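Asker: Sequence:
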Amino acid sequence: MEDQQAPRPVEGEAKVITLCGSTKFEAKFAEVNQRLTMQGCVVISLGMFSLPDLPDYDWTVDSSDIKGRLGRVHFQKIRMADEVYIVDPGGYIGESTRREIAYAESLGKPVRYLSRERLARTGDGPQE
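In the UniProt record's numbering, the protein residues as written are 1 to 128.
Please note that the accuracy of each hint is not assured.
[Unchecked claim] List of simulated lysine-lysine pairs, DSSO-like, C-alpha gap at most 27 angstroms: (1) 109 - 67; (2) 77 - 15; (3) 24 - 109; (4) 67 - 77; (5) 77 - 24; (6) 28 - 109.
What the hints contain is simulated information worked out from the structure, not anything from laboratory work.
A quick note: this is a predicted structure, and the numbers were derived from the prediction, not measured.
The task is simple: from the sequences and hints, build the whole structure.
Answerer: Structural data, given as structure tokens:
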């Protein structure tokens, strides 16, 4: 059986992190990508946040499989990662992102959340 986990980075190699989350958070993806890159990580992000406006191309003809195709590509990005980082401002996680989290966890990938890091940094989490 094929090992689906990415090999762990050798000492001195950059950690590979795949970003997951809703396409409506494009600006937040850019912010997280920049921060993680500056920390020395290799960041794999979404390939597009909306369908491009291509002359002479009718996306409605291709729409039946586009979401599935993009989902399969993103699952491959998750397999390539050492870790998955969820871009979830305010804790928002949609259906596609839930599937990606479940897939990453099934592969034993560590999963981090933007919303939980912010709570930890600011101390705004629930009081016990």
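Asker: Are the hints correct? Go through all of them and say.
Answerer: Checked hints:
no., hint, result
1, 109 - 67, "holds (23 angstroms)"
2, 77 - 15, "holds (14 angstroms)"
3, 24 - 109, "holds (24 angstroms)"
4, 67 - 77, "holds (15 angstroms)"
5, 77 - 24, "holds (19 angstroms)"
6, 28 - 109, "holds (22 angstroms)"
Of the numbered hints listed earlier, not one is contradicted by the structure.
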